[in-house]
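A.B. asks: These protein sequence lines map, in sequence, to chains A and B. Residue numbers for the first sequence follow our numbering, so the first one is 1 and each next one is one higher. Residue numbers for the second sequence follow our numbering, so the first one is 1 and each next one is one higher.
Simulated from the structure, these hints should not be mistaken for lab results. By construction, the Cβ of each residue, glycine as well, lies at the ideal position given by its N, Cα and C atoms. Certain hints may be false.
Claimed, not checked - Now the stretches of chain A that chain B is said to cover, found in silico as 3 or more residues with beta-carbon under 8 Å:
(1) 40–51
(2) 73–83
(3) 197–211
(4) 218–230
(5) 238–247
As the list claims (entries may be wrong) - Between beta-carbon pairs, the in silico distance windows are:
(6) A:Gly163 with B:Cys268: 38 to 48 Å
(7) B:His297 with A:Pro128: 43 to 53 Å
(8) B:Pro54 with A:Glu318: 25 to 35 Å
(9) B:Gly276 with A:Glu279: 37 to 47 Å
(10) A:Glu272 with B:Ser57: 32 to 42 Å
(11) A:Pro128 with B:Arg316: 50 to 60 Å
To be verified - If you want the footprint, here are the derived chain B segments under chain A, 3+ residues with CB under 8 Å:
(12) 117–123
(13) 173–180
(14) 220–231
(15) 251–262
(16) 268–279
The primary structure of each chain is shown beneath.
2 protein chains.
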Amino acid sequence: VLTDKVAVLGAGSWGTVIAGLLARAGRQKVFLWARSADLAEAIASQGRNPRYLPELSLPSSLTVTADLGEAVHEAGVIVGAVPTLWARGVLSATSAYASAGAVVVNLAKGIEPEGLLTMSQLAAQVLPGRPTAVLTGPNLAAEVASGLPAATVVACADEGLAGELQEMFSFPNLRVYTNDDVVGCEVAGAVKNVLALGAGMADGLGAGDNARAAIITRGLAELARLGVAMGGHPWTFSGLAGLGDIVLTCTSHRSRNRSVGFRLGQGCSVEEATAGMHEVAEGLTAAPCVVALAERHGTAAPICEQVASVVAGRCRPEEAVERLLQREPTHERAGLPVVGPVLEPVEPC
Amino acid sequence: VLTDKVAVLGAGSWGTVIAGLLARAGRQKVFLWARSADLAEAIASQGRNPRYLPELSLPSSLTVTADLGEAVHEAGVIVGAVPTLWARGVLSATSAYASAGAVVVNLAKGIEPEGLLTMSQLAAQVLPGRPTAVLTGPNLAAEVASGLPAATVVACADEGLAGELQEMFSFPNLRVYTNDDVVGCEVAGAVKNVLALGAGMADGLGAGDNARAAIITRGLAELARLGVAMGGHPWTFSGLAGLGDIVLTCTSHRSRNRSVGFRLGQGCSVEEATAGMHEVAEGLTAAPCVVALAERHGTAAPICEQVASVVAGRCRPEEAVERLLQREPTHERAGLPVVGPVLEPVEPC
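Use the sequences and the hints to build the structure in full.
C.D. replies: Following this line, the structure appears as structure tokens:
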């Protein structure tokens with residue numbers, strides 16, 4: 001049972017879109033917290049986010065603030081929309097104000113590098129006792145903002161709560177599916193940004209559409225191996241949070257991580273590739289984290305390893321692609337979890 | 001144990017590329033059969049396929065013929081590379097010459113409309129007793145021809161034979177994975193062309209990258225439901241033949257089916273959308289077949305149904321997209337086969 005106040009923490013493009021949609025739907029009182037007082041002031045006075053999403057008009061019912069306590073106090077739902085590098089600091093600061101029963105819904109896609117934690121694992125650590133959920137899928141903020149159709153997933157271990165969140169985040173142009181696999185969805189969100197760097201590199205090298213499709217597909221196999229080892233459900237990775245978001249991020253010209261990868265493929269350094277970017281390319285942070293998690297869980301992650309090597313400056317992109325092609329021929333399902341017999345289908349969709 | 005002669009039936013772009021690569025590798029004597037005597041003559045005299053792939057030089061060791069008996073006689077491997085609409089006629093005509101132990105490897109991606117059969121089911125009917133296999137994956141012929149890297153799958157129920165075919169079809173820029181799921185790979189190849197029509201329509205309507213990613217992902221769920229009902233392995237659909245080829249065909253500007261869908265989305269009729277195309281867009285034939293198969297097997301296929309409606313002129317693309325968005329909210333795995341517990345992983349890749 002969600003209360004009538006929602007706090008969205010982080011006024012980047014996606015946090016701004018979600019806060020705007022929630023406020024426009026008018027089902028709850030919505031607070032958008034921006035870390036920068038200047039940005040909060042600008043959003044409040046202009047009715048739009050001049051830094052991250054100037055094209056979207058925000059409803060006047062949205063309250064914008066740089067005061068974390070004001071945003072979070074008595075909120076039934078806390079939506080985390082800050083980059084993973086700042087998430088520990090922001091969520092920790094929230095703990096002084098957060099209600100004991102608040103639901104923490106995460107939007108960021110990555111791994112907290114200090115503890116190699118997913119966002120819900122981090123929330124469980126710094127905001128203990130609160131239920132956690134994740135909203136994730138192939139959702140370019142600018143497209144959702146402009147009213148184009150999209151589908152997404154809300155994952156939560158509690159089925160009833162998942163249904164409530166599904167209702168809360170459903171908007172005329174956003175179709176929400178439920179899923180009970182929080183960790184699977186979160187690992188997917190982290191790995192897809194690393195794969196997008198790899199797909200961008202291949203494109204930047206001019207490796208062709210077949211090569212990109214192979215990176216996406218074999219990258220999904222890497223994700224499935226790691227995600228299942230971390231407790232995720234095999235099907236999650238073929239869903240919107242896995243495949244759907246991998247496809248979007250690896251193919252869209254509007255994807256930040258793909259763009260950075262593209263410039264790396266063209267020979268830029270990481271500094272050159274990210275110059276002038278307003279927002280974070282989470283894949284750069286996630287690449288070494290994903291490799292470390294794969295090592296910890298004993299799963300093969302050859303594409304993420306090569307991406308991490310390029311990001312760290314240990315090899316050139318053309319060497320990375322070359323190495324991926326020269327591996328031993330193998331069976332397509334090698335290393336993938338063996339799934340049991342197919343049982344009866346559940347109700348048709 | 002394969003003999004030293006291979007017959008490639010069909011001199012379209014992909015058949016021509018595969019015949020050329022096999023001949024250049026020099027491991028077998030390779031015959032390429034063209035239905036048109038004029039085309040066979042032109043390919044033989046020019047050392048290239050002027051109609052379908054003028055940019056690729058073919059090795060002089062390749063024998064090109066319009067005589068089916070000459071091509072097939074004593075061939076240990078018969079590679080079927082004709083469109084599904086002609087496959088029954090060509091394979092039936094082959095039966096007079098084909099060795100009893102010849103392996104039939106199919107390259108076409110679609111369903112034979114007369115009997116709603118996959119290509120290996122058709123081969124089992126008209127060339128009974130021969131082992132069948134399928135070579136399929138995200139492989140744009142022109143890219144493979146130009147030496148760009150790609151990955152693909154050879155599926156065959158006989159593991160030893162799969163390994164031999166893997167070796168036979170491995171080339172420096174083509175990485176081949178084995179799989180034992182023939183029917184799963186074949187259904188994937190048929191459904192992906194229908195989904196590409198749908199993704200193209202959405203792009204033609206300007207629906208955005210999020211919508212395309214949703215069509216790809218939810219289309220994969222449709223494929224998995226149908227493919228498993230037809231006896232395929234769940235993992236196949238997340239592999240190169242399923243996801244990999246769906247992604248390629250739904251996103252590449254070089255995909256024929258996507259291009260036809262794009263023009264349909266812009267308001268063209270099927271006739272207008274296919275005007276001037278040299279090669280067949282298999283999705284147009286496959287759309288009603290996939291819907292019929294889904295009905296027979298009792299699986300939901302909402303995207304393929306909408307595509308089939310547009311192709312048949314029963315509704316406009318914008319109505320089709322609208323209907324897909326307005327369906328009841330659901331769980332992401334609804335109707336997907338319930339997979340059993342995850343057992344121990346097989347050897348890492």
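A.B. asks: None of the hints should be skipped; say for each whether it holds.
C.D. replies: Cross-check of the supplied hints:
no., hint, in the structure
1, 40–51, "violated (count 0)"
2, 73–83, "violated (count 0)"
3, 197–211, "holds (count 5)"
4, 218–230, "holds (count 7)"
5, 238–247, "holds (count 7)"
6, A:Gly163 with B:Cys268: 38 to 48 Å, "holds (42 Å)"
7, B:His297 with A:Pro128: 43 to 53 Å, "holds (47 Å)"
8, B:Pro54 with A:Glu318: 25 to 35 Å, "holds (29 Å)"
9, B:Gly276 with A:Glu279: 37 to 47 Å, "holds (43 Å)"
10, A:Glu272 with B:Ser57: 32 to 42 Å, "holds (39 Å)"
11, A:Pro128 with B:Arg316: 50 to 60 Å, "holds (53 Å)"
12, 117–123, "violated (count 0)"
13, 173–180, "holds (count 6)"
14, 220–231, "holds (count 6)"
15, 251–262, "holds (count 3)"
16, 268–279, "violated (count 0)"
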